[in-house]
Amino acid sequence: MVRRILIREEYCMGCRLCEIFCITEHSKTKDIIKTFKGSEPKPISGIYFEEIDYISFAIQCRHCEDAPCVESCLTGAMYRDEKTGAVLHKKEKCIGCWMCVMVCPLGVIKIDLENKKVASKCDLCIESGFPACVKNCPNEAIILVNEKGERIEE
Amino acid sequence: MKNKRYIIVGNSIAGVSCIEGIRKIDKNGEICVFSDEEYFNYSRPLISYYLAGSLKENQLNFKDKQFYKSNKVKLFLNTKCEKIDFKRKILYTKSGNFEFDYLFLGTGGKPIIPKIKGIENVKEGIFTFMKLKDVKKLKKYIEKEKKVKNVTILGGGLIGLKCAEGLLGRNIPLVIVELADRLLPNTFDFIASEIIENKLKEKNCEIIKKNTIEKIISKDGILKEVILKDGKKIKTDILIIAVGVYPNTELIEGTEIEKNKGIIVDEFMRTNINFVFAGGDVCESKEFDNNRSVIAIWPRASRQGKIAGINMAGGEKKYEGMFLMNSVELIGIPTISFGITNPENEKEYEILKKIDYEKKIYKKIVIKENKIVGGIFLRDIERAGIIIGLTKNKVDVQVIKKSLINDKFGLLYLPENYRKHIVKGEGIEV
Ligand SMILES: Cc1cc2nc3c(=O)[nH]c(=O)nc-3n(C[C@H](O)[C@H](O)[C@H](O)COP(=O)(O)OP(=O)(O)OC[C@H]3O[C@@H](n4cnc5c(N)ncnc54)[C@H](O)[C@@H]3O)c2cc1C
Ligand code: SF4
Ligand code: SF4
Chain A
62 MVRRILIREE YCMGCRLCEI FCITEHSKTK DIIKTFKGSE PKPISGIYFE
112 EIDYISFAIQ CRHCEDAPCV ESCLTGAMYR DEKTGAVLHK KEKCIGCWMC
162 VMVCPLGVIK IDLENKKVAS KCDLCIESGF PACVKNCPNE AIILVNEKGE
212 RIEE
Chain B
182 MKNKRYIIVG NSIAGVSCIE GIRKIDKNGE ICVFSDEEYF NYSRPLISYY
232 LAGSLKENQL NFKDKQFYKS NKVKLFLNTK CEKIDFKRKI LYTKSGNFEF
282 DYLFLGTGGK PIIPKIKGIE NVKEGIFTFM KLKDVKKLKK YIEKEKKVKN
332 VTILGGGLIG LKCAEGLLGR NIPLVIVELA DRLLPNTFDF IASEIIENKL
382 KEKNCEIIKK NTIEKIISKD GILKEVILKD GKKIKTDILI IAVGVYPNTE
432 LIEGTEIEKN KGIIVDEFMR TNINFVFAGG DVCESKEFDN NRSVIAIWPR
482 ASRQGKIAGI NMAGGEKKYE GMFLMNSVEL IGIPTISFGI TNPENEKEYE
532 ILKKIDYEKK IYKKIVIKEN KIVGGIFLRD IERAGIIIGL TKNKVDVQVI
582 KKSLINDKFG LLYLPENYRK HIVKGEGIEV
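Residue numbers (our numbering), protein chains in the order written: chain A, 62 to 215; chain B, 182 to 611.
Extracted from the complex, chain B is given alone in its bound form:
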């Protein structure tokens, strides 16, 4: 039988996991991977460590060259995919055309750039924080322009905070401007944010909430100042825009591939065209809450890429949905937060809390109808995974509720059948 030809667009975690998925089933098929970036492999979340200087460029990879070699992958770097002919199954790139039998789209996300007055006049001083290329530019700018005294970050979500972490590593004074009333608004509550904010303030990092940038002032193309909604003016040498990402669907715009916000896929990660699959930040899939959405996190891209690969190669595996979860360490305080942590209608939920301001320990678990739906852990994080596991498996926690935020909480507190279930592993009876 003729070998199958697979094409993967995007060489980040979704694309790489797709390679692994394919090779689980099909050892001989031809795999070509395309990336419009020039670096052979790097882990996107590590760019903040690179900015801080704690990792060098050659330490950013999550797979080594051997990985591509032993999986017999042809890797095309610096090669943008421009068009796809779905009828004839041909991919057009700037370095030639390629035929395929199966196609995986792992093109990820793009930073949202809000239309702020005056932004179009700025030639120097505004950056995004997504790609290694962005960070290299930023780093160069900081190192070259020794006069960089202030940096403003627009957005206090995951990427904004990661960027802040990187800059604090370089001891640069910062201002973070966030529209919501707290940092990491998707998974933090007020208290978690407050604890982190107080620590950040000690480090020369100012946080301005419930506010946004309305106007940008520049002179001869060089950024000078930002003006906030409430009229406050902030002198700044650098502005980093980190208000969020949206799926990068450029490649399939105007084609028959169905999309909403992201490319729509079913539980096999298949698009509406049966030989085209997608996964990661570019795709919209049915998630844990039964709604279709885009959750832009690494573990999801990793899982989806692998599942797509398995199905492309003729295996059968379903994606079961995830919820938003973040692990962010800020100024020495590790935090894990996930799911619904700030329910609007509090009456329908039960909330367990434990706070030690002195030690910066905070635990919060949100329960609805005896099932955990979200939580926050500051500092004391080692066993947060057990709680997340209970959430994912929809375990009834009624009888163990009291012990959930107990310092000694562990597996022994779990309902016996659930404990046995997770302890035994697949295929082994206890």
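Looking at chain A on its own, in the form it has when it is part of the complex:
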């Protein structure tokens, strides 16, 4: 089923819990206390958090239709999962050519210059099935919707 994360920036209060839960979800232990222990390299959140003064805003990959990052990827590392419609990234294939970074209009691909790999990109929590950021946003500033834009609850 195709689903998207919707952002309601008016509701974002800048608590950055989405980032914390994203990192936890993508760590080995999935335990918020131990997240950084036993996970090498350290997990990085798939969320881009921005703030200017009191305005804040958290965004992750939009899993675009005709995703330019997928079209531009030189290796096939960036690909669309046909089942869920999510744009995913195979780290072992990635060579760090930054073609995807060049064409992503949201600039949400985080890069690891040292290891020449895309460091992190939202995967809609494919593994657990429900995005950790959505689940844990206390103010419902990020919600999950289906193709028609209808809200999906866990």
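These are calculated hints, taken from the structure and not from any lab test. Just so you know, not all the hints are guaranteed correct.
Sample of chain A residues with no beta-carbon within 12 angstroms of chain B, all distances over it, derived [stated by the list, open to error]:
{"id": "1", "residue": "78"}
{"id": "2", "residue": "90"}
{"id": "3", "residue": "133"}
{"id": "4", "residue": "191"}
List of simulated lysine-lysine pairs, DSBU-like, C-alpha gap at most 35 angstroms [said to hold, decoys possible]:
{"id": "5", "chain 1": "A", "residue 1": "177", "chain 2": "B", "residue 2": "583"}
{"id": "6", "chain 1": "A", "residue 1": "103", "chain 2": "B", "residue 2": "314"}
{"id": "7", "chain 1": "B", "residue 1": "583", "chain 2": "A", "residue 2": "144"}
{"id": "8", "chain 1": "B", "residue 1": "541", "chain 2": "A", "residue 2": "178"}
{"id": "9", "chain 1": "B", "residue 1": "314", "chain 2": "B", "residue 2": "296"}
Built from N, CA and C at the ideal position, the CB exists for glycine as well.
Fit chain B with the ligands to the given chain A structure using the hints.
Relative to the frame of chain A, chain B with the ligands by itself:
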């Protein structure tokens, strides 16, 4: 209804994307793909990684065997397409003739070989850098002839630099000869080039600009020396020719298919014959600047191949044009550059710049009539895509100009309606 028969010439990114386009619409049609290369699938830009030794041959593919299988594609490798009969819709290849209903031409580009004095006498030592076969030959030559001490690359554009990157990975001293006054002249400016040049020099790579090779000296067919326009002589064991590519239109030469530099297509990627389509480096299409041109980059070939496939299969999708953009990493400095970065008549443009020579960070954004038309990013590249998005969407940046090269620049600085537009995605209201 009878299944449609599709033939795709060229098994690189344009051809492969055409398969994907067709299959979006038509799940049953017969697809035959022809390649005159012997490898089942490889990504052309990865040949420099192969040269450097950081990727092995079996890591160069961008699609796996399963892709061809699940899309029910018949792949003919090592099969050159020789002639097309457009009246009877038959393709002639060295392994037989094939009938088709729709044809896609994704034959890509060929390296330009300038007529340099003495080039015809050289049997050993001159290489091009386009195909896996070329690189295999080059690699073998370097590994066999342990005496390879110097390499000269003619051309400091994308392919020349990619080749340099590959050779530097092997610690071979290099000379790059470039006709323009800077490296990557199509999208770099003087400063960007200078920063990269200084780093390259530290790595035993000499750069000679505003110059070219006028004569090649060989002995018994073996390359010895090149002589530049200004008389300078360079002893060299290998010369790599990377001055550019031109559309490979060989297959349709002398036929009714219309061409200029490349095969001319409309916004549906259709040629002047309505069942024949083309895309990628072989084709000339209307681009972002409203002029028809050939922009030889991967994302364009990928987009065009897919659009052609959709239209061939009965869907409807238009190509909207692109501008030149490059992402090249050199000696550890990632760079992204695009569009017009060196306007001739500077007065008509506004130029924003930020330089940190120490950290090798450079940002430049070129604006005309409040719209971004080009830019350069060295090292600090993570959010360059936002700037490129603003360019593509012709967003008026008058009120956010100051923040564009700010270190913290991000989506929050964007005009609210544009931000909402890109954030919501198609079909979803915010
Ligand atoms: C070293 C190098 C590095 C590059 N790096 C980048 C980069 O970083 N980013 C970027 O955007 N672009 C890069 N490019 C450019 C990019 O590779 C091309 O734009 C892209 O490959 C074009 O794809 P295409 O499918 O149109 O054609 P091609 O990749 O040229 O493929 C055409 C295919 O058709 C086959 N063919 C031709 N004629 C026939 C025939 N008659 N019968 C059967 N088969 C035939 C050819 O053998 C070839 O396999 C690079 C290119 C090179 C050479
Ligand atoms: S990474 Fe960027 S371009 Fe790719 S799907 Fe996500 S938002 Fe779209
Ligand atoms: S950096 Fe990795 S994911 Fe991005 S385009 Fe290059 S290979 Fe693909």
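To see whether the hints hold, each was checked on the structure:
Chain B leaves residue 78 of chain A outside its interface by the beta-carbon criterion, the shortest separation being 19 angstroms against a cut-off of 12 angstroms. Residue-level check passed: residue 90 of chain A sits 28 angstroms from the nearest beta carbon of chain B, beyond 12 angstroms. With a minimum CB-CB distance of about 4 angstroms to chain B, residue 133 of chain A fails to clear the 12 angstroms threshold, and the non-interface call is violated. Here residue 191 of chain A stays apart from chain B, with its beta-carbon at least about 18 angstroms from theirs, past the 12 angstroms limit.
With a CA separation close to 31 angstroms, the supplied pair residue 177 of chain A and residue 583 of chain B stays within the 35 angstroms bound. Distance restraint check for residue 103 of chain A and residue 314 of chain B: the Cα-Cα separation of roughly 40 angstroms exceeds the 35 angstroms cut-off, and the hinted pair is therefore not satisfied. Straight-line distance between C-alpha atoms of residue 583 of chain B and residue 144 of chain A comes to about 43 angstroms, which puts the hinted pair past the 35 angstroms bound. Between residue 541 of chain B and residue 178 of chain A the CA atoms are separated by roughly 20 angstroms; this keeps the pair inside 35 angstroms, and the hint holds.
Distance hint between residue 314 of chain B and residue 296 of chain B is fulfilled; the C-alpha atoms sit about 23 angstroms from each other, no more than 35 angstroms.
Hints 3, 6 and 7 from the list above are not met by this structure, while the remaining hints are.
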